[in-house]
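Protein sequences appear in the order of chains G and A. Quick note on our numbering: the first sequence kicks off at 342 and runs consecutively. Quick note on our numbering: the second sequence kicks off at 342 and runs consecutively.
If you're looking for bench data, these hints aren't it; they were derived computationally from the structure. Here the structure is a predicted model, which is why all the values come from computation and not from measurement. Wrong hints could be hidden among the right ones.
[As the list claims (entries may be wrong)] So, partial list: chain G residues that the calculated Cβ filter (under 10 Å) puts toward chain A: (1) 547; (2) 568; (3) 588; (4) 667; (5) 784.
[To be verified] Restricting the straight-line Cα-Cα distance to at most 25 Å, the calculated cross-link-like pairs of lysine-lysine (PhoX-like) are: (6) 548(A) with 355(G); (7) 611(G) with 611(A); (8) 614(G) with 548(A); (9) 614(A) with 611(G); (10) 351(A) with 548(G); (11) 689(G) with 614(A); (12) 614(A) with 614(G); (13) 860(G) with 634(G); (14) 611(A) with 548(G); (15) 689(A) with 614(G); (16) 548(G) with 355(A).
[What the hints assert, rightly or not] DEER-style ranges, computed between Cβ atoms: (17) 354(A) with 864(G): 49 to 57 Å; (18) 477(A) with 647(G): 46 to 54 Å; (19) 877(A) with 546(G): 39 to 47 Å.
Glycine included, each C-beta is placed from N, C-alpha and C at the ideal position.
Protein chains: 2
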Amino acid sequence: MSYTETWSGKINRKLIKKLHIIDVAAGREKADLVLKNATYVNVFSGELETCDIAVAEGLIVGLGSYSGVAEVDMTGKIVCPGFIDAHIHLESSLVSPSEFVRAVIPHGTTTVITDPHEITNVMGTDGIDYMLAATEGLPMDTMFMIPSCVPASPLDESGANLDYRDIDSFFEHPRVLGLAEMMNYPGIISADSDTVAKIVASQAHHKKIDGHAPGLTGYDLNAYVAAGVYSDHECATAEDAMRKLRLGQFIMVRDGTAARNLEALMPLIKSPKYFSRCMFCTDDKHPSDLLEKGHIDYICREAVRMGADPIQTVQVACLHAARYFLLNNRGAIAPGYLADFAVVEDLKDFHVVTVYKRGKLVYDQGQVHDFPKPEIPAHLNAKAHDTFHLPVLRAADFAETRSKVVIGMIDGQIITEDLGYANAINLEEDILKMAVVERHKNTRHIGIGYLHGYGLKEGAVATSVSHDSHNIICVGCNDADCAFAVNRIAENKGGIVVVNHGQVIAELPLEIAGLMSDKPLVEVNDLLEKAKAAAHAQGVGNGIDPFMTLSFMALPVIPTVRLTTRGVIDVATQQYI
Amino acid sequence: MSYTETWSGKINRKLIKKLHIIDVAAGREKADLVLKNATYVNVFSGELETCDIAVAEGLIVGLGSYSGVAEVDMTGKIVCPGFIDAHIHLESSLVSPSEFVRAVIPHGTTTVITDPHEITNVMGTDGIDYMLAATEGLPMDTMFMIPSCVPASPLDESGANLDYRDIDSFFEHPRVLGLAEMMNYPGIISADSDTVAKIVASQAHHKKIDGHAPGLTGYDLNAYVAAGVYSDHECATAEDAMRKLRLGQFIMVRDGTAARNLEALMPLIKSPKYFSRCMFCTDDKHPSDLLEKGHIDYICREAVRMGADPIQTVQVACLHAARYFLLNNRGAIAPGYLADFAVVEDLKDFHVVTVYKRGKLVYDQGQVHDFPKPEIPAHLNAKAHDTFHLPVLRAADFAETRSKVVIGMIDGQIITEDLGYANAINLEEDILKMAVVERHKNTRHIGIGYLHGYGLKEGAVATSVSHDSHNIICVGCNDADCAFAVNRIAENKGGIVVVNHGQVIAELPLEIAGLMSDKPLVEVNDLLEKAKAAAHAQGVGNGIDPFMTLSFMALPVIPTVRLTTRGVIDVATQQYI
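This is chain G alone, in the form it adopts within the complex (with noise of 0.2 Å):
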């Protein structure tokens, strides 16, 4: 639509598609596309069907007995809605959004809702229009809740610091869909003027609002849910999911790579009452994870295994987010619904063979079809490659005589606990110095504590994805190494290192907002799986991911402590130890 367009105009423009939508679907013109033969899910009735698809202007049409300028026969095959991911963080998969689509396209995933609270607590309202701009066009849609929390805790020093009026516009964008999960439950129970406004304005707008409120009960999750959050995907029980159910919210049922809820809420997915209120996420998604498991494809393959039945899956893997985002042209296979389709062999393992967008083959034979990457405005880019805004470091800079709390690590988890002070490094009882090095904003903030459990026994390692605020995290087992580390990372504009004696050993660049790759998957990966394996040869225990637990580190929202830019933060209290 050009900006000059009248109405009518826009009116006549999209009825020339209307009408021929219609004569295609009245069997007087021939489809552009007619899966023959198909035998689909109907979401509406709940049954498998057999008969010809037909498509015409990207949509479906018909159902029944058409010929089409291009056939395909679906004899033997099964054809779904394409799956949809109710909500995820793109920057997980450190990739480009681009990059991204060429990875979850052959998983039959074609819409996800998406959440840049990542790229928006690094770069602010401009991370925002980056990732509108980086998902324009792709052959998987992408639509937007707007980050709520930026940043996580007024104890961050992020990026940016938003508030209702920062975020106000973006509601105007056809693929905003709402507020994204609203983390400072805290916040909106306690009647904070500032954290509830920003609901109220998303309401306002007549958009969704996202929750996040693990475990919440009783007055405090009523008072979640009246202020207006409609949505959950944090819970770990069946019971924690019944409870917010019950209370009228919908219910995102998670398997990601960090959490993974699937089997704790298959009673909800189990269930004939319960399961029309239950949608697929995965929240986040690591490199290794996508390729060796998949995406919302895996996810039904799991609740079938654990006795879904499945065509209940594939509506909770569809039609339920397409429902709730009010999204009411997808997520089904109907007449007027978009001809987005992943067709699968079976409804037990979901082994994805083609993948249409809109009509498009856009997946077949084990290749996803070339498609031109979105043009990102020359602004934005500069800005998303120009996030590392902090000196050059010298070994001095992480120099500290004094006591300083002991962070302790804790096998398989990301929880920590308190090991009181230490005032050096010492290998043997591997204490080793940690530092959170403020990157933003060029404050010379530098956070030094020290960190038991993570094992390494030389050199020292360094990431750039660190949560919420993305400042760079560095452990070392010496101050050379740490301040090498940090500075290769600004040189690199981000990403991950693993040094030893002033060397670099093994690094995957995040160019983009220090968060994100410009290149595909499998070589991130690829590069990822390296870094690991260094950081692991130099004593990083086995039990530990060297930079996924790392990440979590300067998150001063979860139990018990953790190392901000200004020092430690006992965050129970909130106060500074």
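Once you have looked at the hints, place chain A on chain G.
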């Protein structure tokens, strides 16, 4: 909201209410109202639950244990969300919207979606404005679908001829939800531009489009659904409904005065798979039917009597219409939802004992609490009371010497048969003079024919309720009484009359657009029943509703022959005979 309110002013105004809601939900402040020990229907979980329901700012804010400024014990009763009628023409009740509301509140109806099709055929878009004004602020919410087919047929002479542009500005109104029943399905299927443009424009405003397509199948149904029609309320068989449900349409299960489909559609209501795509509607409710049977409560009672699950029935009666119309804060009892309650004695008889609207008691102990009538702008009120534009007629205006078609009425049906020609009234053979008198634009058009099967033996009967153009239909035993009856209707500004020998025997004035009375429903019903009795006393057969059956005789879309202002129509060929 004032038109000079700033955005921040609006957000702040809503924020103040929201903070109060949160404070009450969190248990820090007293609720405005608490329904104590309330057993309520949880439409999300499909279960009965018992707890306190707390209300503040007109909304439900908490479910649990609460105290309030007002507390009402609900022990032994069942609290349902207020009932929703998904499709009704309010004009068919023959009373003003205020009086309609007074009549249905005792039945637990708190929201209706109306299509002001009748008054719009008389007054054009001013009719829509009139109905919007006449429903503003009432203790039952009236949402609107904008008439799609005015006139219903190009052969009709109605008061207006509306294209997409005429109705376009109504989509901005907060109570307008979309485009009403697209009855012109032949126009859609044949891809008629002017007809399809109305759908395209409604979609461009992100609004709903309701359907009306009895028995459509195959390519025609595909074309109709692909065009963008999202629902149907004309399903007379379960097969018809399932065909539409499978193609993605929502099914409005209609059970009103003129058409009753509940029994036929019980297989859908009883199915745990299909009921979630169903909602209830009445389409048309005449005065005696409203008084004797009730409204949506009556449909619930009948559905349960015929074997539906009671809780599924409440879900159909409340939640599903709300979700279809994107009224996302009604149809359920949960925090953030409107405090609209229909309190019933049980889920078998659905006898309503108390009704709350936005937390205000509006009905109890058999009494509707008084409410102010909406103020209707003077120009609209004047226009609604000045819709008869025709000359004073004389007997000679009804004289006709040429042969005219005899239209045959069939007992208990609204279809007619073609009985050849007559050239004079013949009471012994039940050949009566019938006339349709144009009354909108002073065109002096009077269509003349003959009617068989009505049974009138003396005088004349006339009505200004004549679908869909609402010209004056008159049937008489002599030309002088025909002229007298039509003149009397014009004097009364509309309504129905029974006359004999130049005297009014009985009459019901309908001074609002010739369709509705300002009197209470009981008085209107009383006058209507007296008029019916008078018509029967003058000979009208017992198998005939003297006015309702007559009101369809001018609708040139129902087989086989009809009389319009320009003469008799062969419905199949759409030609004048």
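Evaluation of the provided hints:
no.: 1; hint: 547; result: holds (9 Å)
no.: 2; hint: 568; result: holds (5 Å)
no.: 3; hint: 588; result: holds (5 Å)
no.: 4; hint: 667; result: holds (7 Å)
no.: 5; hint: 784; result: violated (31 Å)
no.: 6; hint: 548(A) with 355(G); result: holds (15 Å)
no.: 7; hint: 611(G) with 611(A); result: holds (20 Å)
no.: 8; hint: 614(G) with 548(A); result: violated (29 Å)
no.: 9; hint: 614(A) with 611(G); result: holds (14 Å)
no.: 10; hint: 351(A) with 548(G); result: holds (16 Å)
no.: 11; hint: 689(G) with 614(A); result: holds (21 Å)
no.: 12; hint: 614(A) with 614(G); result: holds (10 Å)
no.: 13; hint: 860(G) with 634(G); result: holds (20 Å)
no.: 14; hint: 611(A) with 548(G); result: violated (34 Å)
no.: 15; hint: 689(A) with 614(G); result: holds (21 Å)
no.: 16; hint: 548(G) with 355(A); result: holds (15 Å)
no.: 17; hint: 354(A) with 864(G): 49 to 57 Å; result: holds (53 Å)
no.: 18; hint: 477(A) with 647(G): 46 to 54 Å; result: holds (53 Å)
no.: 19; hint: 877(A) with 546(G): 39 to 47 Å; result: violated (58 Å)
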